[in-house]
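Colleague: Sequence order for the protein chains is A and B. Numbering-wise, the first sequence is residues 1 to 163 according to our numbering. Numbering-wise, the second sequence is residues 1 to 281 according to our numbering.
Bear in mind the hints are in silico, worked out from the structure with no lab data behind them. Since this is a predicted model, take the numbers as computed values, not measurements. Among the hints, a few may not be true.
Stated by the list, open to error - Heads up, simulated DSSO-like pairs for lysine-lysine below, C-alpha to C-alpha not over 27 Å straight-line:
no., chain 1, residue 1, chain 2, residue 2
1, A, K90, A, K56
2, B, K53, A, K8
3, B, K53, A, K56
4, A, K8, B, K9
5, A, K90, A, K8
6, A, K8, A, K56
7, B, K9, B, K53
8, A, K56, B, K9
To be verified - Beyond 10 Å from chain A on every Cβ pair, some chain B residues (computed):
no., residue
9, V13
10, E15
11, R27
12, D68
13, G139
14, A141
15, A173
16, P236
17, D255
18, R276
Here a beta-carbon is modelled for each residue, glycine too, at the ideal position from N, C-alpha and C.
Residues per chain, in single letters:
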Amino acid sequence: MAIPIRVKVNGQVEALEVAPDESLLSMLRERLDLTGAKEGCNEGECGACVVLLDGKAVNACLVLAAEADGHEVTTIEGLGRPGALHPLQKAFLAHQAVQCGFCTPGMIMTALSLLLENPAPTEEEVRTAISGNLCRCTGYRQILDAVQAAAQEMRAGAQGRRP
Amino acid sequence: MQERLDYRKAHSVEEALTLFQDLPRSRYMAGGTDLLPRARGSGQAPSRLVDIKGIPELSRIEELPSGDLRIGAAVSVAAVAAHPTVRQRFSALSLCASALGSYPLRNRATVVGNICNASPCADTAAALLCLDATVLCVGPAGPRRIPIHEFFVGPGQTSLASGELALAVEIPAASAGGRAELGRLSRRQGVDIATVAVLLSVLPQRSPRHRVALLSVAPTPRRASEAETLLDQRGPSAANAAAEAAMAAARPIDDVRGTAAYRREMVGVLLTRAVRALGAA
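Okay, chain B solo, but in the shape it has when bound (with noise of 0.2 Å):
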């Protein structure tokens, strides 16, 4: 990192932004578990890490009156993954909580430090797509709601407004109750980012019901609508056309983790096992 960085805790949402606006290139930290790493290596680290975890509304998992729930953006992946209303109304979150990197990790990085990094891969992600999240944030502008589906712009870009803070993502009641299933290929089973993954969940007060998101094989996580819908037609025996949809749907890249071939050609493999697994449940 570089010399002259400077590292601020912030103890208030107004704190925070103001800290933010003191200084060109700042960057808000939660969990830092993304931001130190590449700060260290990329020669473009920040002049202010600005931490939030110091802000005691945004440490903290609520259920709203209203069956909503909002999960505050100093709350860490593994506090989700293992919180019991995620578990029991939300299982498609606590699934991709838990195949976030690994055990020290999701102790200390954030699900939305995870949507904020907006990388491809980003695991909560997928959950929060299928199960249409809001993330709500406030910047100079004043607060505003931004539907997770506008929410990724590109790797690493979001919808955030330069200064503009994430303080918590929302899931709506609606989304409660269904079954999920995630399909994850990586080099290496724990840690590893993924290099393709599929995550299948069927919503029954949603339409569709059916919700596929897939990871690592577009410029940012997306859902792939045309599976959904002829799963929502045909249910499973749809499996092998979902299948097809979603490789049509997938924007996939050679790296060092995987071939866009492969990666193509895995989403529709990871899909239909999915179909399988929860058909048969």
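Just chain A, with the same shape it has in the complex (with noise of 0.2 Å):
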């Protein structure tokens, strides 16, 4: 029995028919194409799939797609484009934050959603915010830090675009 939802994904509304039983995670994987998010775990341990649903962080395996039927979903594909990255994406580079990569697009969603409600974190506050998001490469340093000069230029940023 198919659900049909109007969902707003990366700014787009899209009009689906879900099943019941389907997670946010997979209609984004299997019928966007959104493959960003991950799937680790499939039960809220990992954050490999930690999307924005209203602007906050969520693990999406833990969200049905039904349940977001006129909410709004932001995934890593929607941050920035080659050319054009996102201050969170052009940090992670610079600070060698990658490795593997699978953490990633969970990492840089977890951080995004910390700096939206508080633009200057602790380092302390980064570490509790990134705790549900496992790296198996254990690269936090690097994360820790690209989040703060993440945070640095976004206020930076904020203050620029000031009259």
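Take the two lone chains, each set in its own frame, and fit them into one complex as the hints suggest.
Modeller: Laid out in structure tokens, this is it:
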């Protein structure tokens, strides 16, 4: 029994028919070809599938596609594009915070959610925020540095835009 | 999950109750962060999930004229942890809500969902037990209020009747203004459930003033009332005696996270540390 939904994904409204037991993660990956969010554990332990739902980080494996009806989803694909990367993406590259890359989309979306609600987090606050995102290459130091660098750039950017 | 799983979103409390009753093995769903992985893993998937997040009155945190605080069943753990009133007046709840799961999980999980799952390790249950909360619910037989002390029946079991929907949890104004200390051990600092946890809360307006709640050491979250009495009578100097009393109140089991003996020992250690931390504050 398919459920009709309308969900805004990376700024574009999608009208889909989803299965009742289909996760938001499956919907993004299988129906919309947005494979940035990864399936690691499928039970909310690893954070590889984190996306923004109405601007807040959630584990896409623990949300049903049907629950996203009427809501707004942002994935890593919605952040930047080659040549116009988001400050977090730029900072992850500059600080070599990416090794195998599997955790990276979830890390960046978690960090983005944090920076949207707290533009100047302490290192402890960043550590708390990403504690639900596992990196098995253990590049946490570089990730912490990248998030702080991106926070600084985003704050500077926000100030620059003010008249 | 089963192929025949049915998902329905309720827009009013009445609609939720009706949707629940239409099919056997229905479950109310708030955040879904516990329900969905369990439904996938168990082979005992509910036949219908009734999503209550579309019911406007369940999405609010309200300060009532009495000074009581009402937290709707669809309010996220993150929203509760960050709420100014919770942080200022009911810090035990802010502390426990911040310890639950991970940051993305707290954005989705709800406090009322956490207690309805009735896990022995339910983080927010420790605070709600210490704060003398009340669960507001409604079912086919009408509305009722369940004191939190009567809410937990066993692992995964509450005193909610079949079809009864928990609408909110209320914290009385008289529980405001205290201090709290949470000792919580887990295999991994973020995400993992508590292997054992002890919450000590000191509430100036209540009797007993000292409140001790234990997690993951009994079939349900529970208070250690003898330890509380000792701390009320003799203050921080009763730390060791209170630790003994709390250990005696624990009914732990061996499992993958720790042995019963370890858990009982840690109840004493964590309570002693909490007494020291609050005593010195």
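Colleague: Does each hint fit the structure? Answer for all of them.
Modeller: Quick rundown of the hints versus the structure:
Note on K90 (chain A) and K56 (chain A): the hinted pairing holds, with a Cα-Cα distance of about 21 Å set against a maximum of 27 Å. For a cut-off of 27 Å, the pair hint linking K53 (chain B) to K8 (chain A) stands: about 18 Å separates their Cα positions. Between the alpha carbons of K53 (chain B) and K56 (chain A) the distance comes to roughly 16 Å, so the proposed pair stays at or under 27 Å and holds. Our distance criterion of 27 Å between C-alpha atoms is met by K8 (chain A) and K9 (chain B), whose separation comes to about 19 Å.
A C-alpha spacing of about 25 Å is found between K90 (chain A) and K8 (chain A), which places the hinted pair at or below 27 Å, so the restraint holds. Under the criterion of a C-alpha separation no larger than 27 Å, the hint pairing K8 (chain A) with K56 (chain A) is consistent with the structure, at around 14 Å. At roughly 8 Å between alpha-carbon atoms, K9 (chain B) and K53 (chain B) fall within 27 Å of each other, so this suggested pair holds. Note on K56 (chain A) and K9 (chain B): the hinted pairing holds, with a Cα-Cα distance of about 21 Å set against a maximum of 27 Å.
Distance check on V13 (chain B): its Cβ is at least 19 Å (rounded) from any Cβ of chain A, clearing the 10 Å threshold; non-interface status holds. No Cβ of chain A approaches the Cβ of E15 (chain B) within 10 Å, the least distance being about 16 Å, so the stated non-interface status holds. For R27 (chain B), the non-interface assignment is confirmed: its Cβ lies about 13 Å from the closest Cβ of chain A, beyond the 10 Å cut-off. Distance check for D68 (chain B) against chain A: the nearest CB is about 28 Å away, which clears 10 Å, and the non-interface claim stands.
Listed as outside the interface, G139 (chain B) is consistent with that label: its C-beta sits roughly 24 Å from the nearest C-beta of chain A, beyond the 10 Å cut-off. Non-interface call for A141 (chain B) relative to chain A: holds, since the shortest CB-CB distance, roughly 29 Å, exceeds 10 Å. Every beta carbon of chain A lies more than 10 Å from that of A173 (chain B), the smallest distance being close to 29 Å; the non-interface claim holds. Listed as outside the interface, P236 (chain B) is consistent with that label: its C-beta sits roughly 28 Å from the nearest C-beta of chain A, beyond the 10 Å cut-off.
Consistency note on D255 (chain B): stated as away from chain A, and its beta-carbon is indeed over 10 Å from all of that chain's, at 17 Å minimum. Look at R276 (chain B): its CB is around 23 Å from the nearest CB on chain A, clear of 10 Å, so calling it non-interface holds up.
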